[in-house]
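S.K.: Here are the chains, one letter per residue:
Protein chains: 2
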Amino acid sequence: MILAIDIGGTSSKFGLVDAAAREISAYEKFDTREAVGAHGLESFLKERIGHFLEKHPDIRGIGLGFPGLLSKDRRTILELPNIPGADQLPILDRLSEQFPGVPIKIENDANCATLGEHRMGAYRDVNDFLLVTLGTGVGSGLIIDGQLFTGARGNGLELGHILVGREKTLEEQIGLQGFLSYAEARLSNYSQTTRLRSDRLNGKAIYEAAVQGDPLAASLFDYLGTLLGEGLVAAVRLLDVTCILLGGGLSGAFEFIYPGLKKVLESRLPGYYIEDLRIKKASLGNDAGLLGAAGLLLPAS
Amino acid sequence: MILAIDIGGTSSKFGLVDAAAREISAYEKFDTREAVGAHGLESFLKERIGHFLEKHPDIRGIGLGFPGLLSKDRRTILELPNIPGADQLPILDRLSEQFPGVPIKIENDANCATLGEHRMGAYRDVNDFLLVTLGTGVGSGLIIDGQLFTGARGNGLELGHILVGREKTLEEQIGLQGFLSYAEARLSNYSQTTRLRSDRLNGKAIYEAAVQGDPLAASLFDYLGTLLGEGLVAAVRLLDVTCILLGGGLSGAFEFIYPGLKKVLESRLPGYYIEDLRIKKASLGNDAGLLGAAGLLLPAS
Chain G
0 MILAIDIGGT SSKFGLVDAA AREISAYEKF DTREAVGAHG LESFLKERIG
50 HFLEKHPDIR GIGLGFPGLL SKDRRTILEL PNIPGADQLP ILDRLSEQFP
100 GVPIKIENDA NCATLGEHRM GAYRDVNDFL LVTLGTGVGS GLIIDGQLFT
150 GARGNGLELG HILVGREKTL EEQIGLQGFL SYAEARLSNY SQTTRLRSDR
200 LNGKAIYEAA VQGDPLAASL FDYLGTLLGE GLVAAVRLLD VTCILLGGGL
250 SGAFEFIYPG LKKVLESRLP GYYIEDLRIK KASLGNDAGL LGAAGLLLPA
300 S
Chain Y
0 MILAIDIGGT SSKFGLVDAA AREISAYEKF DTREAVGAHG LESFLKERIG
50 HFLEKHPDIR GIGLGFPGLL SKDRRTILEL PNIPGADQLP ILDRLSEQFP
100 GVPIKIENDA NCATLGEHRM GAYRDVNDFL LVTLGTGVGS GLIIDGQLFT
150 GARGNGLELG HILVGREKTL EEQIGLQGFL SYAEARLSNY SQTTRLRSDR
200 LNGKAIYEAA VQGDPLAASL FDYLGTLLGE GLVAAVRLLD VTCILLGGGL
250 SGAFEFIYPG LKKVLESRLP GYYIEDLRIK KASLGNDAGL LGAAGLLLPA
300 S
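So the protein lines, in turn, are chains G and Y.
At position 232 of the first sequence the residue is numbered 231 (numbering that gives the first Met the number 0), and the sequence of numbers has no breaks.
At position 29 of the second sequence the residue is numbered 28 (numbering that gives the first Met the number 0), and the sequence of numbers has no breaks.
Just so you know, the hints here were simulated from the structure itself, not pulled from any lab data.
Some hints could be false.
Because identical chains share one entry, a pair is satisfied inside a single copy or across any pair of copies.
Claimed, not checked - Quick list of in silico lysine-lysine cross-link-like pairs, BS3-like style, CA-CA up to 30 angstroms:
| id | residue 1 | residue 2 |
| --- | --- | --- |
| 1 | Lys104 | Lys54 |
| 2 | Lys279 | Lys203 |
| 3 | Lys45 | Lys262 |
| 4 | Lys167 | Lys45 |
| 5 | Lys280 | Lys203 |
| 6 | Lys262 | Lys28 |
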C-alpha cells in the first residue's frame, strides 16, 4: 500500500493506493488554504502522514505531488505560487527525518498526473505522450521512452505558459478564467438564439448547450481547440511526441474541442509529425494526480 | 583523425578533424545540388568517403550531418526537404557495407552544430544549452546533462517551425528571407534618413548600418530579437534550459539582437527561469556542423 498525497492550490487529497488493483482507499480531501493556513505546509503534512502511518502500518512508501517548482534532485520545494511559506522548503529531508525507514518521493503535480496515466491509466503501453490538463490552469507533462521528461533543470513542460499569439499565454486564454471571460464577451455580442445565459456561464453549462446543438457553445470549444492546437504545434515541433492526451475538467468537452485542434495541427504540421499523431482523452479523471503520486514509488513497467 | 561530413541543402563540406587539436584539414566543399544531382546522395558519399579513406588511412571514424529528418535509431534518412531522392535511405547500413570496420554515425545537421559547440567549442563545461542558428533557416539543438536531446522520436527541437504570433512560424518571420522581406517593407515606408538601400539589402549591409548608428537598421534587429524572444519563451518553458547560444550568419549582429530578446524574456519569464538564464553568442561559426559531425564519434567529456 502506498500513501499518495496530491497537494493542490485549491484542495489537497490523501489516499491509500493499492498499486496492483489501482484502487484508492481511506480517501481524505482538504481545503488547502484552511489546512495549511495556521501552521504551514510542513506541519500539516507531518500531522496527516503520522496519522496515516499509525492507522495503516502496511504503508510501504509515500508519494507527494506539489503545484509548483521543485529542485532538480527532487528534495526541495523551490516555489509554490498558491501556497505561501513553502518556498525553499527541504521537504524530502524534513519528512524523511520524521518518518525514517519509509521511502518518500516528491514530484510536480502535473508530472504526477502524467505518471498516473502511464503507470495506472489506459496508456500504460504508450511509450511517449504529452498529457495536457485543461482546468483552472493549463498543465502538461511528458513521457519519453517510458520515463517522465522534465527538462534540463526539472521544471519544464509548462505548456500553459508559452505565448499563443503575441500578447497572452495559452493559460491566460484557455485556462478556465480566460475561457469564461471569452465566452462572456462572445455571449454579450451574440444576436442569435442561444441556450447560454450570462448568469450561469461555466464549463458544464457550455458543454451541455453544445451537446444540445447550440452553435455559440460549440464555437467556444472550437476556439479553445484552435488555440490549444497552436500551442501544441510548439510542443510537437520541440518534443517530437506522437500522442497527446487531454485531461482536466474542460476535456469533458473533448468531442467539441477535438475538431478545431485537429484542423490546426493538420494545417501546421507536415506529414512526418501528423501521420502518427494520436489525440485522445485522458483516462483517469480527477484521480490522476493521486495515482501518479503513488506511481512515483513504482518501478517503470 | 575523424572524417567529418556536413551535408547542407546548399553546400556540403568534408574535412578531417583532429579531435584533440580541434582542427580541420583536407577541407573540401561542394555545391550539394551539383554533387548529388547526377548519381544521388549515396553514390556521392561513397565516392568521396572512398577517396578520403584511401588518402588518409589514419581515419578511425566517420561522422555525417544531414539537413532533415532521421530515424530514431539513426540508421535511416527519413526525409531531406532540399535533397531529392534520399527519403527512406538506409544510409548507415549502405555506408557500413561499403566501408566495413570503420565506425560511422549520422545525425541531424543542427544537432551536429549543437554537439560541436559542446564537444569542441567554448561551451564544453556548460551542462545544458539551446543552440539557435539564425541563417537561411532558423535551426536549433539542445544539450541536457551533457547529452544531445532530440525529443521522443528523435526529430524534435525544430524551434524555427513553432508559431510566433498566430499566422506565421518563427522561421517564416526571421529566417533570412522573411527578415529581408520585412526590412524591405519597413524601408519602403521609411521617411527619415537611413543608410539602407533597397538594392543592397542583406544581413551584412543592415549590420554595418546598425554599427554606424542607423536607427532603422537597429530597429530591424530589435524586431528580430523580439520575435526570437517570443519563440524562446516556449523553449524555456518547455525545456527549462539555462543557457541560449545564438549562432548562424545573422548572429553576427548579436549586440543589436540581444536587447530586444532580453527585454521579451525578462517581461515574459518569472524569476526562476530568468535569473539563471545566460544568452551568449555561439563560438564556432561555420565550422560548428563539421566539428559536431566529428564529435559524434567522441565520448562525452
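S.K.: So, against the hints stated earlier in the document, which numbers end up violated here?
M.R.: When the structure is compared with the hints, numbers 3, 4, 6 turn out to be violated.
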